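Trainee: Take these sequences, add in the hints, and give me the full structure.
Number of protein chains: 4
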Amino acid sequence: MTIGVDVGGTKVAAAVVAEDGTVVSETRRDTPADDVSRTLQMIMDAVEELAGAHQVEAIGVGAAGWIDAARSTVLFAPNIAWRNEPLRAELADKFGLPVVVENDANVAAWAEYRFGAGRDVESMIMYTVGTGIGGAVIMEGQLIRGAHGIAAELGHLTAVPDGQVCGCGRRGCLEQYASGQALVRLGQVAVAHVPATAPILTQLTGGDPEKVTGPMITDAARQGEPASVAALADIGKWLGLACVDLVQALDPAVIVVGGGVVEAGDLLLGPARRAYVDGMAQRGQLPVAELRPAEMGNTAGVIGAADLARSR
Amino acid sequence: MTIGVDVGGTKVAAAVVAEDGTVVSETRRDTPADDVSRTLQMIMDAVEELAGAHQVEAIGVGAAGWIDAARSTVLFAPNIAWRNEPLRAELADKFGLPVVVENDANVAAWAEYRFGAGRDVESMIMYTVGTGIGGAVIMEGQLIRGAHGIAAELGHLTAVPDGQVCGCGRRGCLEQYASGQALVRLGQVAVAHVPATAPILTQLTGGDPEKVTGPMITDAARQGEPASVAALADIGKWLGLACVDLVQALDPAVIVVGGGVVEAGDLLLGPARRAYVDGMAQRGQLPVAELRPAEMGNTAGVIGAADLARSR
Amino acid sequence: MTIGVDVGGTKVAAAVVAEDGTVVSETRRDTPADDVSRTLQMIMDAVEELAGAHQVEAIGVGAAGWIDAARSTVLFAPNIAWRNEPLRAELADKFGLPVVVENDANVAAWAEYRFGAGRDVESMIMYTVGTGIGGAVIMEGQLIRGAHGIAAELGHLTAVPDGQVCGCGRRGCLEQYASGQALVRLGQVAVAHVPATAPILTQLTGGDPEKVTGPMITDAARQGEPASVAALADIGKWLGLACVDLVQALDPAVIVVGGGVVEAGDLLLGPARRAYVDGMAQRGQLPVAELRPAEMGNTAGVIGAADLARSR
Amino acid sequence: MTIGVDVGGTKVAAAVVAEDGTVVSETRRDTPADDVSRTLQMIMDAVEELAGAHQVEAIGVGAAGWIDAARSTVLFAPNIAWRNEPLRAELADKFGLPVVVENDANVAAWAEYRFGAGRDVESMIMYTVGTGIGGAVIMEGQLIRGAHGIAAELGHLTAVPDGQVCGCGRRGCLEQYASGQALVRLGQVAVAHVPATAPILTQLTGGDPEKVTGPMITDAARQGEPASVAALADIGKWLGLACVDLVQALDPAVIVVGGGVVEAGDLLLGPARRAYVDGMAQRGQLPVAELRPAEMGNTAGVIGAADLARSR
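Residue numbers (our numbering), protein chains in the order written: chain Y, 1 to 312; chain D, 1 to 312; chain G, 1 to 312; chain L, 1 to 312.
There may be inaccurate statements among the hints.
[Claimed, not checked] For the chain D half of the interface with chain Y, some residues (derived, Cβ under 7 Å), not all of them:
hint	residue
1	Ser123
2	Ile144
3	Ala147
4	His148
5	Ala151
6	Thr158
7	Arg170
8	Asp219
9	Leu250
10	Asp251
11	Ala253
12	Gln282
No wet-lab data here; the hints were simulated from the structure. Keep in mind that this is a model prediction, so the values were computed, not measured. All C-beta atoms in this analysis are idealised placements derived from N, C-alpha and C, irrespective of residue type, glycine included.
Mentor: Now the structure itself:
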């Protein structure tokens, strides 16, 4: 058995995970995200609790941020005050166990690959669509990390040349068109400019575009609100278009879509599949990767991290 | 030692290659491209000549076309009449040696990776820019072939959404903007519409746009002809822009550019590097892959095929 | 009453037209398009026949091509061998009447403006969608000809930056996306790559993409063939998108769409209206120009030319 | 003589203007922009002062905002609290003189057309590049106002399909790429992501991207700062590209560029001309409109308004 830790901006989840992906035991702590040493302490507390009660062989940690190519140091984390944090050394010294540190999108993809939507294939690509868009690439059983540990930044591939300015400094990144953030922006435009198409959003927000949220749009779309259905279809379309090029480049067996937005189900994935299949069909009868929703939900983080520690 | 065979549309080249990439002996035959059984015979003749004189352990074959995921059958070749040709079985039966069949762009990339422009790295991407554009992806020492053997179609990633119609059935493929074919089209437009900027091309072709060729443009550019310099810079720019996204997706250590167009040197690679570095710089101080010209020239085919047979 | 002459690549049509747009009398001749002097002779014959039988005050001539700003000389005609043909002087000398020479798209638009789809407004824009795309702009009752007589080249506004190469030398012109030529290209791609979606076209052409024609696609679409419906919808979409920008620039009361493609009716205009209305709606509740089909059909040429001669 | 009034967000300027465009007398008031009735009072004060001292025949008023097609009511003004303000009736009632109300970009263009950069031509287009982008179209001596008074929204033509979201509700408007606002955004990206290329901006702002202003960039560019030179070149390029399409549509004799950004001179107009001339050159040897800077500066408002009142 190994321990998997999922370090998020608000909480730390940790679990003992068996070889077959079963969660044997789990625990949680809050994340004091502004305080580097207390965040480390919370992780250590959680691991200690589990390691005291179970015989474990290794520790895997997943965290949002850039991890170095050696999978040991968190170079930068957007939601936690870590800068060049030597997380592997700190945990290995404390517990005397092998430790692997990995990017959260990679960890979630690994869980899907081993036990979820990709368990039947050798090669898969995964998009994790939350506020932003994370990505992961697994080819012939190997997680592709790149020469500097920063591969698979699939949310920052170009969707629109010269398009919307992205926080990353470039223009037209997929994240500006297919993320939760992009979804909200479409809802805001509807409330501000064409409220007749968004009666539910308009009512829920009192007509203030700033109050639109992603889950509001998903709910309104389920009730058939035209602007919300169209907003989900729009980000789905961009996601599907992006898949066309990735499939040309990497020929995976499946593409898995995860993250909060996936709760919209076929309101998102339907238009994504249409854009994707249409894009691929233009090239004739090539075999194409299937587009699937993620299956592992919130436990993907701890399970994926634990399994990566095992197969390190 | 192993034998490498490079099957082109006009000739078959074969060589005995040592473990360090040295060509020990080589031979050639014409390719009767319309005649499937005589093409096979020519390959067998060449191999027989070499295998008779040297102790060899395996045979590697590189050919333009789609090869199946098992690396044994040529599904389709654009320049030779092969359709579902079981090349591996045919050669293995004849010579009693292990055989590997591989796509020509992959073979050339492998030669660069082992002995050429990528010999110092673990992960590289290669563009082979000829009339069309071939691609190859090698990640952590592994040639990425994909779930169906058709990965790395880098010439058919989207450069311009809704752009130029491509022979593959889609619109806006990189091949329409950065290939030798695209270069010729730019030269033709210059001769037809603004001949004052293309005096050399205009003289060489007698003003007939249909007579423009790629090497003509490279020569004219070397002499400073504005339209030809601009044409090479234009395809270089598109190539550089394409590298930005691939680096986001795969984080290779180097990008190698090969194929006939590379003879234009910095007239092509200078603008490519500017577009690429500029695109990457917008994201801040990330480490980025170097853009390098291929080094192996015409021998890449036989050497790469031979080495793939060894490391099969 | 005035005479209107419509000079096409295969025939010359001429008519005596009353002030209310009624055709009083008409006649025709073949166009010997390769022979400049015989083409002029045919025009003179037709005018002579009509002028002999009716009291007329002026002559208007419409012809495909670039006409100078003084409306007197045909600078260049694509379908007739005219180069710098002083057509006004030739006819004025012969008949002793005032003569106006005008571009065919302008003539057709003028007929619609005076007696057809634009008769109730002061400002309109017209697209004439045939093999290529012609355009005309009438603002507050005045035909906009531009400083050099070459305004309203609406088929050569950019639909897609860096898009499909156009015969005019630029990339991405609307003509490459919304003309009859573009329609045929879409049908060809369907027959070549996804014939299952184009059973009617495939049968009519025996599977040879080169044999696809525009009317074939319109017929197949009327029978519900998916690829043909989609092809008309695609060019309609591009036309509608183009209208959005023109309306921002010129705020016409109506946009009239004419030319052979209009026979597809709502199969074309439905998607055009959706793309247009959707594009405009994003800007809120501004008044927007209506998108209407042309009403004058084939007589637009002679009636518009005659009326321009009257209102010269 | 007539009176011209230029109503801005911070001040009201008024002048008595002679038939040849000479300012005979002028006066100013502050604009209490939040207070509709006091703003009107300030305008009346200024006009009264001038009308008391001079014999005048008409009053022209220019104001930022949407004016109705009858040129009498300000439907909406972005910087002043006017909503459906019947400005013409109010002033006409008070002074017993003919009054014309016109959009500020149209007024400035009219001044250039009559006495400035367009005084030698019949047809011109003008871009006014400030924080946003205003536009005006004058064809054969006639100001094109459109069927609903909202023509010439040249800042909201599409520069990039699916591009940057615009405040108007659409994506990819020119204003997002070529305005002062766009210039500032480019400076901010340089300070935030690649400060080594923007040492002057970085020093002036203390490294805070939010503190970058347009005039800072112009000054830094004059001193040769790479990022600032590149930022001006970038917005110039977009402006030049936009001109290509407008010239295809309207064939003006000149294109005039005015507004605050023009103080950057050839740092802006050089790249604009290159993009424009290059775009036009691709179509061969057609005559093309000249791209000129505006000449009338800050007095364009009062002079244009006064002259429009005269030629109403």
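Trainee: Can you name, in rising order, the numbers of the hints this structure does not satisfy?
Mentor: Hint 8 alone not satisfied by this model.
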